[in-house]
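Peer 1: Residue numbers (this note's numbering), protein chains in the order written: chain A, 6 to 530; chain B, 6 to 530.
Be aware that one or more of the hints could be misleading.
No distinction is drawn between identical chains; accordingly, a pair holds when it is met within one copy or between any pair of copies.
Claimed, not checked - Below 30 Å or equal to it, Euclidean Cα-Cα: the simulated DSS-like pairs (lysine-lysine) are:
1. Lys140 to Lys290
2. Lys7 to Lys152
3. Lys116 to Lys152
4. Lys375 to Lys285
5. Lys152 to Lys252
6. Lys449 to Lys252
7. Lys512 to Lys116
8. Lys351 to Lys391
9. Lys330 to Lys152
10. Lys449 to Lys285
11. Lys330 to Lys351
12. Lys411 to Lys152
13. Lys391 to Lys330
14. Lys411 to Lys391
15. Lys140 to Lys116
16. Lys7 to Lys351
17. Lys252 to Lys351
18. Lys330 to Lys375
19. Lys290 to Lys449
20. Lys449 to Lys512
In short, the hints are calculated from the structure, not lab data.
Just so it is clear, the structure is predicted and the values come from calculations on it, not from any experiment.
Each chain, written out:
Number of protein chains: 2
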Amino acid sequence: MKLTGKNIIGNRLSQEGDTAFYGENPATGERLEPAFYEASPSEINEAIEKSNRAFQYYRNKTGNEKAAFLEAVAEEILALDSVLIARTMEESGLTEGRLTGERGRTVGQLKLFAQCLREGSWVDARIDTADPERKPAPRPDIRSMQKALGPVGIFGASNFPFAFSVAGGDTVSAWAAGCPVVFKAHPAHPGTCELVGLAIQRAAERTDMPEGVFSMVHGRRTDIGMAIVRHPFIRAIGFTGSFSGGKALFDEANRRTVPIPVYAEMGSSNPVFILPRILKERREKIAQELAASVSLGVGQFCTNPGLVFVGPSADENNFRLDLSKQFAAISAGVMLSAGILNNYQKGISRLESVNGVVTMATGSGEAVLKGQARVFHSTASVFLQKRELEEEIFGPSTLVITTDDKQQLLQAAEQLGGHLTATIHGTEEDLQEYEELVNILEQKVGRLLLNGYPTGVEVCHAMVHGGPYPATTDSRTSSVGTLAIHRFTRPVCYQNFPQRLLPPELKDNNPLNIWRLIDGERRNN
Amino acid sequence: MKLTGKNIIGNRLSQEGDTAFYGENPATGERLEPAFYEASPSEINEAIEKSNRAFQYYRNKTGNEKAAFLEAVAEEILALDSVLIARTMEESGLTEGRLTGERGRTVGQLKLFAQCLREGSWVDARIDTADPERKPAPRPDIRSMQKALGPVGIFGASNFPFAFSVAGGDTVSAWAAGCPVVFKAHPAHPGTCELVGLAIQRAAERTDMPEGVFSMVHGRRTDIGMAIVRHPFIRAIGFTGSFSGGKALFDEANRRTVPIPVYAEMGSSNPVFILPRILKERREKIAQELAASVSLGVGQFCTNPGLVFVGPSADENNFRLDLSKQFAAISAGVMLSAGILNNYQKGISRLESVNGVVTMATGSGEAVLKGQARVFHSTASVFLQKRELEEEIFGPSTLVITTDDKQQLLQAAEQLGGHLTATIHGTEEDLQEYEELVNILEQKVGRLLLNGYPTGVEVCHAMVHGGPYPATTDSRTSSVGTLAIHRFTRPVCYQNFPQRLLPPELKDNNPLNIWRLIDGERRNN
Chain A
6 MKLTGKNIIG NRLSQEGDTA FYGENPATGE RLEPAFYEAS PSEINEAIEK SNRAFQYYRN
66 KTGNEKAAFL EAVAEEILAL DSVLIARTME ESGLTEGRLT GERGRTVGQL KLFAQCLREG
126 SWVDARIDTA DPERKPAPRP DIRSMQKALG PVGIFGASNF PFAFSVAGGD TVSAWAAGCP
186 VVFKAHPAHP GTCELVGLAI QRAAERTDMP EGVFSMVHGR RTDIGMAIVR HPFIRAIGFT
246 GSFSGGKALF DEANRRTVPI PVYAEMGSSN PVFILPRILK ERREKIAQEL AASVSLGVGQ
306 FCTNPGLVFV GPSADENNFR LDLSKQFAAI SAGVMLSAGI LNNYQKGISR LESVNGVVTM
366 ATGSGEAVLK GQARVFHSTA SVFLQKRELE EEIFGPSTLV ITTDDKQQLL QAAEQLGGHL
426 TATIHGTEED LQEYEELVNI LEQKVGRLLL NGYPTGVEVC HAMVHGGPYP ATTDSRTSSV
486 GTLAIHRFTR PVCYQNFPQR LLPPELKDNN PLNIWRLIDG ERRNN
Chain B
6 MKLTGKNIIG NRLSQEGDTA FYGENPATGE RLEPAFYEAS PSEINEAIEK SNRAFQYYRN
66 KTGNEKAAFL EAVAEEILAL DSVLIARTME ESGLTEGRLT GERGRTVGQL KLFAQCLREG
126 SWVDARIDTA DPERKPAPRP DIRSMQKALG PVGIFGASNF PFAFSVAGGD TVSAWAAGCP
186 VVFKAHPAHP GTCELVGLAI QRAAERTDMP EGVFSMVHGR RTDIGMAIVR HPFIRAIGFT
246 GSFSGGKALF DEANRRTVPI PVYAEMGSSN PVFILPRILK ERREKIAQEL AASVSLGVGQ
306 FCTNPGLVFV GPSADENNFR LDLSKQFAAI SAGVMLSAGI LNNYQKGISR LESVNGVVTM
366 ATGSGEAVLK GQARVFHSTA SVFLQKRELE EEIFGPSTLV ITTDDKQQLL QAAEQLGGHL
426 TATIHGTEED LQEYEELVNI LEQKVGRLLL NGYPTGVEVC HAMVHGGPYP ATTDSRTSSV
486 GTLAIHRFTR PVCYQNFPQR LLPPELKDNN PLNIWRLIDG ERRNN
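For reference, chain A alone in the conformation it holds in the complex (with noise of 0.2 Å):
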């Protein structure tokens, strides 16, 4: 399968600017052949236009449609077979294993989503009947359902080059919704995005979706990023990556005439809380945990631990020299780009450069082209003058921050900021004595996580992956699972509205057997 470096608009490939960019080996520094084409203004124009006009065939695709076009897309991402897991591995520095893992995960959320539709419920349906002898005045007959926004732009991460990309979570919600999508293509695996992109366009054609369903385009300008944020006809973003990436398309959007929402989903710390009396039960247990966990995919993980608040307790001191062993013996490992690895190493110059923060341990490991794990060591009293100990540094890094006594771990705790995940380590005991800190943490946090470790988001009906800002911008939803699937919908009401003209999930006799609110109760009949 030869790439063609060029822009997917709607069924056809185009390539009008003379702007090129290669992907990268990061493992090498290498260049990868071809040259991929930065979209020109007319090339994003067109894609949104057909996004839109596929819209009004889109919309109203019945749920078995709309899974089918899900399914054929897992299928052809499956096709592509080691031809898209040899080229992403070369363009992220990632694993076969870890690669073959993401690629399964990925299509295993199309079918959950495609599930959903089938189930068909989703909608929130509502009916109030009619009472026409009510008084003083008749009630009308009132029912609403969830319908879809409008097209949807996403941007995608380099970290999870499939499920969070082209095929990822914001994809798969946003067309679950009936919204038709147009992709930025991520520029440190474009490649891949070429691959996946063009899977789509003929799972689009062979289970008859309108032309515009899905659009690529590529950049790496963030002009053309915005330009797809400005387009009066694109109605909600979704984004994964920086802060200042996605805090600059919530400006944006909220700058626009008509502003529209934006998901983004832009880091997290992922505080951990190691009680006490479980440190002593489980101290080097922990310690091993906790250096994998960090040190997982080169700590290239949103839900990474970055923060570790212990406990009073007389078992620090011995925590702190396990975990420096630990840290000390973890390989450097590629980074999914130069951008990252300089990033991160800067990330850990800033840290390391704060007064009262010292480096406990160091990996192993050369740290050209490489990242090399690191663990700090701070005190609650130093954390709570300084604010910007809370910030993520994305990579195989964590500061350990020991606490005086119980107060000061509360206090550090109610000083958090927004974060996608907190844990806490604790005996039933601990979480006695500490009963607060859940009612503090489920403040700051979209998940909270007992006696386990943040890495590894569960892709399912009950997950939330998000936060209060500024872990995303806008904590009302999850990135991930089927909740992501209400990001891109808003409620439409029909009042006294024949059957003929009401869409199918509400109709009297409910032909697709979906779960309703008729008149406040909950029936499937």
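Could you slot chain B onto chain A? The hints should help.
Peer 2: Below, chain B alone, put in the same frame as chain A:
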């Protein structure tokens, strides 16, 4: 019951500032005693700090406890009896009948939310059970539900001094979600606000709610509202009023260090489409009903039909004559305030100065201190060129737009921005011929009506009182009905939590007997 003119800061009354203002009887222009004191910065701050402290308790109140509070508020409002109605009549110029009805709606709304809380399923509890045997990695136990956002700042509307004011839809949905409310009293009905505010204070006290679950500050200056929006403890804003007011709050909220959601309902022209066959059948009746809908409550409804598109028809001329006759017979009415009357008159002048727009008829009665009905006429060709014809004029006026052909009518529909409602009048045959119109309009509004009138918003589960920008700043929700509760929540997820630490909504044995999504299946056991 003597009014104090003071701010309600949690459990106490406060008057720190010395800038005072008075309510005014819009029917006479007379000033109404007593003086109301604008809140000082420290009063605003104290109210919000109390609100934030209250949140720590109130967020964990059970559904039954919150329901008891809402029901007590309803009782205390009813107990004010004629004292409340009399003061509100004086301040608003609204009739006793109208206000008694609105009070019933407000009390009904409190009870509907109480019901919803006692039933409990609104939290969208989701449970994905663990699978320790899963390969390659065990599946953790994941549970999630909706939790309250935090203290909410609410700005009421002048046109519904009960239903969209102190204890109105925004307040009750925030309380239902678990959020304390800091209410900015409307300067057009400060006495009404105090009466209802004190009723809430009593209800909170007798149902053991934490101090700060409700506070209310007075003020006419915009910086008082802005101080609420800017305060870091405030987590969301509810607003009903003008576009300029809502947009200013929205922009300020997005400029915060931590941006927060703003639910501003900002107005709508509620386009009505009258198709040819029904015009032939029901011409006079429609003219009569439409004139009644436009002039109901002196046109002071956000769902007032301000734009009427007439399909191509030989009857349109007679329809305009009918309408003119109807409008000429409408008596001028007292409007809510001198400011609103003034804006209405300016809107009328603005519209009559547009080339291509003509006045068809003016209502009867003196315009002094009163709003006089007005019906205008223009054509779709003019409408398609002049976007300003779409803007809401708040008051008893409407603009009839005649069309040359079906194509032009659809084009005008396509051009519309966001509105709260759209209405189609048509026979079965009309609706078949104009089927596309439903498809176009459901992309423009929150609620679509057939052969009815948009005034009169039913408070129920299926209602959507909302719509795309500029009708609101957030189309993904409703400000009326139980859907409104979701504006003030976000999902929180618990991974591997022991039963003891889970909220009752998520415990295995389902102690609240609510509907939940368990491994993707809807169950209430």
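Peer 1: Which hint numbers doesn't this structure obey?
Peer 2: Violated: hints 2, 4, 9 and 16.
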